[in-house]
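For the record, the sequence lines run as chains P and G.
Using the working numbering, the first residue of the first sequence is number 765, and each one after it goes up by one.
Using the working numbering, the first residue of the second sequence is number 359, and each one after it goes up by one.
These aren't lab readings, by the way, just hints derived from the structure by calculation.
Every residue, glycine too, gets a C-beta built ideally from N, C-alpha and C.
Among the clues, some could well be false.
DSSO-like, lysine-lysine: derived pairs with alpha carbons at most 27 Å apart [said to hold, decoys possible]:
#, chain 1, residue 1, chain 2, residue 2
1, P, 893, G, 717
2, G, 423, G, 502
3, P, 902, G, 717
4, G, 419, G, 433
Some, not all, of what chain P presents toward chain G, calculated at C-beta under 10 Å [stated by the list, open to error]:
#, residue
5, 817
6, 824
7, 829
8, 833
9, 901
10, 905
11, 906
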Amino acid sequence: MEAPSILQWVLVTLTTATALVVVMVRNPVVAAMSLMATLFLTGALYFGLGSFFIGAVQILIYAGAISVLFVFVVMLLDLRPFPVKVPGTGLRTILAVVAAVVTLLSLANAILPGLLSPSHPEIEAAAAKSIALRFLSKYMFPFQVTGLLLLSAVVGVVVLARPVKPISVDRGDF
Amino acid sequence: MIWDPMYFSLALVPLVGIGLLTGVPVILMVERWGSAWMQRRRGPNRVGPYGMMQPLADALKFVFKEENIPAQAHKPLFILAPVLAVLPPILAFAVIPLAGSVHWNGQEYPVQISTIPVSLLFLLAITSLHVYSVLTAGWSSNNKFSLMGALRSSSQMISYEIAIGITIVSLVLVYGTLDLREIVRLQEAGSKLPLWGALLQPICFLTLWISSFAETNRLPFDLPEGESELVAGYHTEYSGLKFALFFLGEYVAMYAASAFLVTLFMGGYNVPFLSESMLREIFQTHFHWSLELASIATVFLQLVSFVAKVFFFMWVFVWVRWTLPRFRYDQLMDLGWKLLLPIGVLNVIVTLLVTYVLKRGGSL
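This is chain G alone, in the form it adopts within the complex (with noise of 0.2 Å):
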């Protein structure tokens, strides 16, 4: 019974959360530099050896500093709306692949929480969880700045979920399939479909992508906490711990974001031209291994290609933040509604057709 893949999944829940929360301060770090760098900044130098303890200290300060809940705050939703600004992108990780499966004992087990067969809905239904926060945020604070940095968030979140909801068919078009493992699988060397996903829908590629960094509410389109506008946007009245765990819900969404753009389009966890297959061959008659030793060698190869391609994403997103100024509001929703639907739909008419003729002639 101890050898049913359910437990070797619930092993992974601990697993993943930590790997995500020491993920964050990393993320944290690689921005200070690179916007130092950017900016021909020294950046932190301070904390610890080239400031890398700088996160410690941040998180120390956000813990030790005063919580204040406005007096005319609606209590409850304020200190709900942080919670659920980290739990939406932290449970997307239940359904992402992260690398093959172990071999153990006769047995398969996938390196995956869940393997529940229409992986990439559920994924976008938790994401589309993510508005509450921002909006509960925004109302419970009884602040003007704050209200406007909701409404706004919340309209702009939903208008790049229908962009999002669109391009992603065209996708599902191509490989036939809700389930993200089979999707990675199909990604892999030696399949039907040997390409990379980016390769195969590059304009369904970009949307999402440029729809991403509206999702996570990420520079150029960060308006809901323009400073410039609202002070700080939906949260401006919260403090200490609770903004902490604001901060934690951005860092997270973005790996989320990262993982679901390497995942569809990026191969997901296959290490480039060497199929799970090859690796565990190579493993086995080059060393000398068992199946159990070369399937976890494989496993810990195929994690490590899929942290350096989430990582790839994460330097992108730090580096359109330093590089690209903000967008005006107007000029956000042009792009969503007049630019970015419209390609979708038409891509997904283009891949209607070509999917249609290649079925019937049979070479698909």
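Chain P on its own, in the form it takes in the complex (with noise of 0.2 Å):
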């Protein structure tokens, strides 16, 4: 493997930046719309490391499709700037430290075995075609899971989003 260039630190600089401001900044719509910055140069870093499918996937989808919902749902609501809250040490930060610790392990546990032994296997060049051959062969039932589970997300957000009780409209008066 060799080493990132220039432009790869760029790049990497420039999604831990973008990703920093999505949980940093107050206002709903810049978190928004840095968002779809961090998915599209996530894209970019794909493209950078040559798997050329991945990254347009990822823009096209992430960075084109569902952070426009997002942009386009927070400026519909026109949310103001969250109030500021001071965190307390209550319940909820040690639970959130926890959560903050386990992610970094886990994650620490699956790059940095790759990062120490010099020897990992090849890494295949991501094609369309074998990326299908695998999506609708041997990993068919997660595929199938995950659609199944979107589909109930989906559901979720309506049954959460319905009001209690429904609106009576009063039409006599027009």
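Starting from the two chains in their separate frames, assemble the complex, guided by the hints.
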């Protein structure tokens, strides 16, 4: 594996910076826009690694479609910047720290072996064909289950977003 | 090292940029003359011969106008939006094959900035980012008309993108590749499928052509800036150079859409009935030119052919704009969701069946 180029370092820095903006900025529209930037730059990183298919799909689906909906909804709702809330030292903070540590450890567990051992397996150039073949043969079941999961999420959102009491519309006054 | 194809691609970048920036005033003049001709007006005839200096005068006016930023606008996003309007359509040209390849010193230099294997997907991905300029412009202006225009535009662009995404599957099924250069080569005379994509997949062609009007926000689908309802839509609050960038972005997007249609459906850079190797052979045998010179002449002819085809589509953009009235919003949505999308799905199913049968019969 060759050493990352200057361009890759710039991309990594930008990706991290925009990702930080997403969680640190109070204005929801700016957060949504920089989420888009993060997803786009992640796609650019894939391009730098030579997997063009994943990169193009990343930009097409995440930056081009999903975060458009985010920005769209946030603008439509016209959310005000969130009020400042000083975090206390309650149970919530402890749980948050635990969750952060666990996420970090599992990430390290996934990434470090590849970085430490110099002889990791050759990364297969993820061509569209090999991905499609795998999705439709070996990983058919997880693929379909993911679809079902997304469907149930959509149904759940509809249930949550519905008002508890039906709004009575008085049409008699017209 | 200097003969590395990468340097050739890098040298192409400014050339393509200059070509696009020269193309915008040209189509502006064509649009003004064309509209005047269709409406029996005289058209521009004051600035320079035949009014040809009009785009330059417009540009100077844009430069000297006051740049107004509304007091309650979100300033960073307000400034970012015009930049986002120009970037994606220019980036789209990075993967469009402009001509065959130049042979020099036994090396082959493809006339295309980036020859990535999934250029079709890249093109779709980059053009899908065009929505953000409209959305951010509309929201950051803090103006109700701007926001209405932005919301209309984004829902329109997303709806038609779905139609485009579904329809394009049938074309990919026929060609069996996502590489635009490969797609152009398959449309070459004397190849496996010596037919233009427009003849192989006419329904796909028409659907994409109609959708490209909606994607570029051109009449009859220019509801985001419907001046009779929304003042000027998402760019109501913009003036000076920022407005000029939106203007530029619209015309470059038209070029990108035309180049996209040419590449997929009209044989790309190919000269009709003459393949690249045939042209090179003609130059070599009849003019006794070297391979280098012959390949350069071939590339030049192919560039001319490409530009001519692009200008055909550009002219249709102008023609339609000054012929058809604007759609109503519900009509626009009905066309996208209730007509183009089902037709696209049906087309994919039929194409799947036909390619399956042909492949079983061994004739493809």
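Results of checking the hints against the structure:
1. P:893 x G:717: holds (17 Å)
2. G:423 x G:502: holds (24 Å)
3. P:902 x G:717: holds (24 Å)
4. G:419 x G:433: Given pair residue 419 of chain G, residue 433 of chain G holds - Cα atoms ~23 Å apart, limit 27 Å.
5. 817: holds (5 Å)
6. 824: holds (4 Å)
7. 829: holds (7 Å)
8. 833: For residue 833 of chain P, the interface hint holds, since the closest Cβ of chain G sits about 8 Å away, which is under 10 Å.
9. 901: Hint on residue 901 of chain P: violated, closest Cβ of chain G at ~18 Å, above 10 Å.
10. 905: violated (23 Å)
11. 906: Violated. Min distance 23 Å.
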